[in-house]
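Enquirer: Whole structure, please, built from the sequences with the hints as guidance.
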Amino acid sequence: MNPKRKQRLTLVLFIAFGVSAAVGLALYGMSQNINLFFNPSQVEQGEAPMEQVIRIGGLVVEGSVNRDKTSLDVQFDITDFKSTVTVAFSGILPDLFREGQGIVTTGKLDQFGVFRADEVLAKHDENYMPPEVQRALDKAHGGQDVTVSEQQPTAKY
Amino acid sequence: MIAEIGHFALILSFCFSLLLTVVPLLGAWWRDPLWMGVARPLAMGQLVMVLAAFVALTANFLLDDFSVQYVANHSNSLMPWYYKVSAVWGGHEGSLLLWVLILGGWTAAVAKFSKQLPLDMVARVLGVLGFVNVGFMLFILLTSNPFNRFLPNWPQDGSDLNPLLQDFGLIVHPPMLYMGYVGFSVAFAFAIAALLGGRLDAAWARWSRPWTTVAWSFMTAGIALGSWWAYYELGWGGWWFWDPVENASLMPWLAGTALMHSLAVTEKRGVFKSWTVLLAIFTFSLSLLGTFLVRSGILTSVHAFASDPERGQFVLMFLLITIGSSLALYALRAPVVKSRIGFTERSREIFLLLNNILFVVATLTVLGGTLFPLGAEYFGYEVSVGAPYFNLMFAFLVPVLVLIMGVGVYSNWKDTRPKVLFSRVPVMALVSLPVALVVPWLYGEVALLAVVGTYIASWLILATFLDVWKKSASKQSRWSGWLKTSRSFKGMVAGHLGIAITILGATITSHYSEEKDVRMEAGTVAEIAGFQFKLLGIEGVRGPNYVSDQAHVTITSSSGDIVTTLHPEKRRYLVSGDVMTEAGIDAGLFRDLYISMGEHLGDGAWAMRVQYKPLVRWLWLGAVFMSVGGLLAVADPRYRVKLKQRRQQPEVNTRLEEASTSAVMPDGGGSTA
Numbered sequence: 000m001n002p003k004r005k006q007r008l009t010l011v012l013f014i015a016f017g018v019s020a021a022v023g024l025a026l027y028g029m030s031q032n033i034n035l036f037f038n039p040s041q042v043e044q045g046e047a048p049m050e051q052v053i054r055i056g057g058l059v060v061e062g063s064v065n066r067d068k069t070s071l072d073v074q075f076d077i078t079d080f081k082s083t084v085t086v087a088f089s090g091i092l093p094d095l096f097r098e099g100q101g102i103v104t105t106g107k108l109d110q111f112g113v114f115r116a117d118e119v120l121a122k123h124d125e126n127y128m129p130p131e132v133q134r135a136l137d138k139a140h141g142g143q144d145v146t147v148s149e150q151q152p153t154a155k156y
Numbered sequence: 000m001i002a003e004i005g006h007f008a009l010i011l012s013f014c015f016s017l018l019l020t021v022v023p024l025l026g027a028w029w030r031d032p033l034w035m036g037v038a039r040p041l042a043m044g045q046l047v048m049v050l051a052a053f054v055a056l057t058a059n060f061l062l063d064d065f066s067v068q069y070v071a072n073h074s075n076s077l078m079p080w081y082y083k084v085s086a087v088w089g090g091h092e093g094s095l096l097l098w099v100l101i102l103g104g105w106t107a108a109v110a111k112f113s114k115q116l117p118l119d120m121v122a123r124v125l126g127v128l129g130f131v132n133v134g135f136m137l138f139i140l141l142t143s144n145p146f147n148r149f150l151p152n153w154p155q156d157g158s159d160l161n162p163l164l165q166d167f168g169l170i171v172h173p174p175m176l177y178m179g180y181v182g183f184s185v186a187f188a189f190a191i192a193a194l195l196g197g198r199l200d201a202a203w204a205r206w207s208r209p210w211t212t213v214a215w216s217f218m219t220a221g222i223a224l225g226s227w228w229a230y231y232e233l234g235w236g237g238w239w240f241w242d243p244v245e246n247a248s249l250m251p252w253l254a255g256t257a258l259m260h261s262l263a264v265t266e267k268r269g270v271f272k273s274w275t276v277l278l279a280i281f282t283f284s285l286s287l288l289g290t291f292l293v294r295s296g297i298l299t300s301v302h303a304f305a306s307d308p309e310r311g312q313f314v315l316m317f318l319l320i321t322i323g324s325s326l327a328l329y330a331l332r333a334p335v336v337k338s339r340i341g342f343t344e345r346s347r348e349i350f351l352l353l354n355n356i357l358f359v360v361a362t363l364t365v366l367g368g369t370l371f372p373l374g375a376e377y378f379g380y381e382v383s384v385g386a387p388y389f390n391l392m393f394a395f396l397v398p399v400l401v402l403i404m405g406v407g408v409y410s411n412w413k414d415t416r417p418k419v420l421f422s423r424v425p426v427m428a429l430v431s432l433p434v435a436l437v438v439p440w441l442y443g444e445v446a447l448l449a450v451v452g453t454y455i456a457s458w459l460i461l462a463t464f465l466d467v468w469k470k471s472a473s474k475q476s477r478w479s480g481w482l483k484t485s486r487s488f489k490g491m492v493a494g495h496l497g498i499a500i501t502i503l504g505a506t507i508t509s510h511y512s513e514e515k516d517v518r519m520e521a522g523t524v525a526e527i528a529g530f531q532f533k534l535l536g537i538e539g540v541r542g543p544n545y546v547s548d549q550a551h552v553t554i555t556s557s558s559g560d561i562v563t564t565l566h567p568e569k570r571r572y573l574v575s576g577d578v579m580t581e582a583g584i585d586a587g588l589f590r591d592l593y594i595s596m597g598e599h600l601g602d603g604a605w606a607m608r609v610q611y612k613p614l615v616r617w618l619w620l621g622a623v624f625m626s627v628g629g630l631l632a633v634a635d636p637r638y639r640v641k642l643k644q645r646r647q648q649p650e651v652n653t654r655l656e657e658a659s660t661s662a663v664m665p666d667g668g669g670s671t672a
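Each protein sequence line maps, in turn, to chains A and B. Numbered per numbering that gives the first Met the number 0, the first sequence spans residues 0 to 156. Numbered per numbering that gives the first Met the number 0, the second sequence spans residues 0 to 672.
Hints listed in this document are in silico derivations from the structure and should not be mistaken for laboratory results. There may be inaccurate statements among the hints.
Partner residues are not named here, just some residues of chain B that face chain A (Cβ under 10 Å, in silico) [unchecked claim]: (1) Ser383; (2) Pro433; (3) Lys569; (4) Leu573.
From the three backbone atoms N, C-alpha and C, an ideal C-beta is built for every residue, glycine too.
Expert: Next up, the structure:
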């Protein structure tokens, strides 16, 4: 093998090594950071793992929002009209968090079946239904269409 | 009536772009100068018509014509005039109209500033741009017409613009970003034209380069503006969320950065031609993919555009046609192009190749993370990929990239003597070490990633300054030596410093920001990072189209001086009923103090979030450096000197062989910006 080819080969090997390291890292990163989504029915049936970061979504039950008087702790229930899960959160809820609103929340399920949320997402458009929530509702009602938003979601940027 | 004129103008513009696609390309095929010659007038005609449509829609907004559906959905008679104007691009249909206006603008600019190009090249480039125009025009006319009316009954008043968008950020962010997105279509058009003409040489890279760099500069500014806007307007103090729509803009930016650097190699050395063309196609495809992701609503995102399957399908079809046909063309034509210039593993070529690989890997990383949920959904899993994935990947890729960058700026084309290449490495490595330990120590706990981030930022700044020191050596003063360096070198320096500044800002603000959620009543004091936030009181305020609770908060520093008084607000917009947080921010070069109001807890108490964010401004300051650097590089006179020289030569079919030979510079001259 002449020296020039050898150089090239080293370079190619170097690049191949770098790229495969990146791919490996990406796969590792993915496997650690993929959050599965569950709806309240699945949580009630015990399909959702405990003490692992997951996302759940549903509608905030009217009248269920319970705020602590002295701190920023808040509890509320979310539902897919079949089952309900209690969510505990500490901090500031987003502007568009409202009763009856579809939300998605990220956190862990504790041993008492309470969802300890780290993050609560409500969309910035009140007519917007997160696709996961809409699907969760559809699923819970076995194919029959539940349209929660009366309007088509309006465009916004 | 105005809306109908606008609609008509849009249709005319579509007809122009259809002609622009067909006639010049056929002309180039048949070598008919007349057919090729109509490309420029058609490009102008198309711009004039789309501009007329845009003006018509703006007029509808200003005149409060709520019989137009789009106006009724995105405006209100109470809004101030400047928000009425920016509301034109506040929704899906109008923002697409802005998109085609900008595309028309770029097309016309190519038509205007291409005097030095051979006519067949101009015809092909404009033809390809015409094709892109046709796609987006059809998209608007078939699925998203902004001129549709509510007839016969129209609302008395509009339903208001989303309050988040009633802001200076919305006025400037989308146009800037679109300038970038759309600008990459010019790079794409040049690449396709070169493939069609079979003329993939250094001259092609030279023509394509300034356009790509300008587009990149706008894109950088657009992304930074978006980040800044999210920071102050969403009320959370976050500046990057790895949201699918943000990723959609980051991917073309990353690929575009790679393209910009690989164009430099192709221009100067005539190598990597096929790769550069492929990158141009890739970059533009990512722009289209971004459009698809944003407009189809298939991914959950804070940028919730209406999810209309028809729209998604249209963009997907357009995307597939464009990518498919350009890759097919590439497969057919690219192997013809061969380069034969050799270089060693210490050459600038190799360093730029590594840059390209890293940027492409970064792009694919983001692409994977963004599209993974879609793939998983197909198999019945509903998942999301969290921010930690992206953070991990970038925490790995960026240091590697920057370390290579710091050495690479000293490399020369073809080969570099190891002494020249590595002579500054010991200095950079040794000086950066204490910096990387002391800076995090000053901020508090010495965290590994903070050390790494500071280290690479310092490494890059040192490399850049030492390089400037070397290049500015002169018989007169250093300053005159610096002034004598080329503009593209200055642009590169600014761009690379910008990267370092942004990295430093991102590192420090991510690690040493402090944040507290507190319950506050009048008189409550919250302390963070030595600053005391005291709530004086809350009063009701009325704005033009909203009512708000406004808090008055004084901030005192640890020495007891009053720093400032902030007025965060909780607004309720009257028409839509939307509630919105206006944060109170005391901005500074070294730290921001940030307070936002959460919910009313009853009895005059409010949930408040106070934050201390060190060096957060550096994120965007770095982007300003990068953006200005790009524009500086484009302003390099050599792009215009060539133009004058070429005037004396016959225009059509000049084979620009001299461009590739004259471009071999003795010292590399620093032209990677």
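Enquirer: Minimum Cβ distance from Pro433 of chain B to chain A below 10 Å?
Expert: With Cβ-Cβ at 29 Å, over 10 Å, it is violated.
Enquirer: Is the interface hint for Leu573 of chain B satisfied, with its Cβ closer than 10 Å to some Cβ of chain A?
Expert: With a closest approach of 14 Å, the Leu573 of chain B hint is violated.
Enquirer: How about Lys569 of chain B: closest beta carbon in chain A under 10 Å, or not?
Expert: holds (8 Å)
Enquirer: Hey, does the Ser383 of chain B contact hint survive, CB to chain A under 10 Å?
Expert: Check passed: Cβ of Ser383 of chain B comes within 5 Å of chain A, closer than 10 Å.
Hint check: violations occur at hints 2 and 4; the rest are consistent with the structure.
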